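All chains, full assembly: derive it from the sequences and hints.
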Amino acid sequence: RGLDVGSIEYIHSRLLEKRADGVAILLVSTELDEIMELSDRIAVMYAGEIIAVVDAEGATKEQIGLLMAGVKEAE
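The numbering of the sequence shown is this note's numbering, which starts it at 23 and goes up by one.
To be clear, the hints were calculated from the coordinates, so they are not data collected in a lab. All the given hints hold, so there is nothing to weed out.
Label-pair ranges, simulated between beta-carbon atoms:
(1) 43 <-> 93: 34 to 42 Å
(2) 47 <-> 85: 16 to 24 Å
(3) 54 <-> 26: 19 to 27 Å
(4) 34 <-> 83: 13 to 21 Å
Note that this is a predicted model, so its numbers are computed, not measured. Where is the CB? At the ideal position from N, CA and C, for every residue including glycine.
So this is what it looks like as structure tokens:
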């Protein structure tokens with residue numbers, strides 16, 4: 023990962039503070055737990071294109087994982 027646990031917690035808390043202030047944040051991560059915790063909306067890319075945008079509140083790890091593997095929602 024490159025960051026120690028304390029640094030990650032600090033960065034996450036700052037991101038959540040900024041989100042509460044209404045600041046738009048673009049978070050790029052392969053860590054699914056991190057994405058689910060910090061996001062309002064999740065845009066999933068596969069093969070260089072965005073294949074879906076979902077609300078984080080209603081999304082499941084299984085749904086996001088399938089999208090990350092290139093399985094589109096309509097399939």
